[in-house]
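Put chain B on the given structure of chain A with help from the hints.
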Amino acid sequence: MFPELNSLLGGGTVQQGKVTLVAARRTDGNFLLHHFLSSYLRAGCNVCFLGLVQSFSHYNIIAQKLGVNLVLARGEGRLVFLEGLRSCTDLLFGKKEDGDTNPLRFLRCRDGSDLRPLYDFVCASLAPPSGGSWRCPVLIVDDVGVLLSLGATAAQVLDFMQYCRAHVCCKHKGNVLCLIRGDSEDEENELVMKSLWHQSNLVLQAEGLPTGFCKDVHGQLTITWRAAAAGERDRAELYQYKIQDKSVSFFARGLSAAVL
Amino acid sequence: MEGLPQCTALRAGCSKMAAPSNQGVNCREMSAGTETSFRRKVRGKLPAIRGTRPSVHNGQLLLSTGVPSLDHVLGGGLAVGTLLLIEEDTYSTYSNLLLKYFLAEGVVNGHEIYIASASEDPANILKDLPAPLTDEMPKPDDRKSEKQTSGFTEDPQETMKIAWRYQNMAKVESLPMSSTRFGHYYDISKTISPEMLQTAKSHSFYWPGTFLNQEDSLLCSSCEMTCDYYRLLESIQRVIHEGGYDGSNPQKRQKNILRIGIQSLGSVLWGDDICSSEHPQNLHSLTRFLYALRGLLRTSLSTCVITVPAHLIQNKAIMLRVRNLSDTVVGLESFIGSEKETNPLYKDYHGLLHVHQVPRLNSLTCDASDTKDLAFKLKRKLFAIERLHLPPDLSDTVSRLSKQDLAGSAKLLSSGCGTAAAGEKHLDF
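The listed protein sequences correspond, in order, to chains A and B.
Its first residue numbered 1, the first sequence is counted upward by one per residue in full-length UniProt numbering.
Its first residue numbered 1, the second sequence is counted upward by one per residue in full-length UniProt numbering.
Okay, chain A solo, but in the shape it has when bound (with noise of 0.2 Å):
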């Protein structure tokens, strides 16, 4: 986690029934949720890891970087990871029956792209257990527009995330964080991306400069808070960004360390 980040954001405190939406237009938005997966998982919460785009140790090489262990946190029950690239591999080439629990498991059929087992999983992964500890459940997709190239449609996907936002948000007063990855030529990553949008309390969009290439500065920032209550307006604040080996630093427009 990156304490710069945090500070931005308002403090380190996890809120409750909260949405945030990470887009990431034509460049690598992954810090961002490197950055939320350690800290909810510091501030102990549950977390469901949606991770379609990479292997499990690419995450947990990134977060032990960052100072948390993924596989002790795997261990203890406050993380359940979903494989994308793996049980997809799983359902294409293992045996038949175990492709029948598998969550992706519409990748097998022709036609019905159906999210739900994908929903029921998350549904079983977030459940409270019967006692013990159970602090606000977390669920973190990485990369909704994967679901897409997958074969699901718009509508699906925003049917599922509407179910998981309802699960997880309203029911159990926990977080859904998802990343997508966005540009304009693909008509329905866009129309996710904005309908997501306009669904989500917290809305954290990476993009390259738009002068282009910069070896010192990787990008700008805009966090944009959504209104709240029906007189509010959005509010939104724009900072450049410097990727580090182990932490990320912000700043305000043209106010780079290598500039200055």
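Among the hints, a few may not be true.
[Said to hold, decoys possible] Chain B stretches covered by chain A per the calculated footprint, using a threshold of three residues with CB under 8 Å from any CB of chain A:
hint : segment
1    : 290-297
2    : 316-329
3    : 358-365
[Stated by the list, open to error] To spell it out: a stretch of chain A is covered by chain B in this simulated footprint if at least three of its residues, at any positions, have a beta carbon under 8 Å from a beta carbon of chain B; those stretches are:
hint : segment
4    : 80-92
5    : 243-257
If you're looking for bench data, these hints aren't it; they were derived computationally from the structure.
Even for Gly, the Cβ is constructed at its ideal location relative to N, Cα and C.
Quick look at chain B alone, frame taken from chain A:
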């Protein structure tokens, strides 16, 4: 020019391109000859496989694309278990060349090779691979080496050292048949020797050559991918599983790498319609295939290079998704048939190279090169990627021409205006 000594060709290549590291060879020689106290720290957990090296940045095992300058651009090489997507140039001349380099590098390093194609017979691709520059890896019956050894009948160690820089370059006899170096240079005017091809273990998948039977069509109906992709995926999975690359049945012999090369994926020849219509029927078959393939690669000791005719794919959204599902994405834009061919800015190059995506594996940062303006050129024997820059204006004809123009216009002016002292003076000279 066939008879040009290869030595000079190599040297010319080396001086311009990012030189491939020859750590493997050097280390071995050092330990055999003089003992030094300096030892490079090597992490123990990475298995030593020929033709690989650990990344300096994130410890990933890297292998070479066969073009050292491309390795340099991609941050040292391709990580094992990842996917390189090459967006083809208009006539797919250079993308096929890159694919062949990648496969040839595998043959030289003794890696296992898997070739899939729908247009060209994989056996022909294999025969057509470029030959490694023989200065690095000579055959014992090389005439040149014989001449050299007959010239120096005494111990070669005793001879005077003229240029110590070159002493590592032409170690003629000491190198084994397949070297441990990372990255080689190739001579595209020659094809690889059949003996070397025989040593390499290769698999192929040729779509028109394989016929569909009843069982397969049943399988395909159960899964949303076009049959061709599913069969290809199944074939790759079989090779990975039988070769023990996924670690399921541990390899008894030394660990090896599987190099997978797939040519023109997504083209009409694969039975896909994304190139022919904007709203294709199987919108998701290519992306699903890539996702499954990536899953296979991540859990195995294999690396894949795919060329995709990006300019033919009608629906831009598909191309964006395909890019998102790959690890490294490189686009080639050749000047053949485009107006850039005659542009003096590009006269030294044959095309542009766009690095669209460099993976961030196991780290927050990625090690991309610091410039985005890259161009490639195909010399007589070498393919090289260079930083695009304006050539220095060394020729004096250019400036003289412009001066004459100026003088001409000055003359016109002076004739019109009567007296213009400065102009006259210039003309008098």
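Cross-check of the supplied hints:
1. Only when three residues or more bring their CB closer than 8 Å to a CB of chain A does the claim for the segment 290-297 of chain B stand; here the count is 5, and the claim holds.
2. Coverage of the segment 316-329 of chain B by chain A holds. Counting CB-CB distances below 8 Å, 6 residues qualify, and the rule asks for three or more.
3. Under the rule that three or more residues need a Cβ within less than 8 Å of chain A, the assignment of the segment 358-365 of chain B holds, with 6 such residues.
4. For the segment 80-92 of chain A, the proposed coverage by chain B is satisfied: 6 residues have a C-beta within less than 8 Å of a C-beta in that chain, meeting the threshold of three.
5. Using a Cβ-Cβ cut-off of 8 Å, 5 residues of the segment 243-257 of chain A lie near chain B, which meets the minimum of three, so the contact claim holds.
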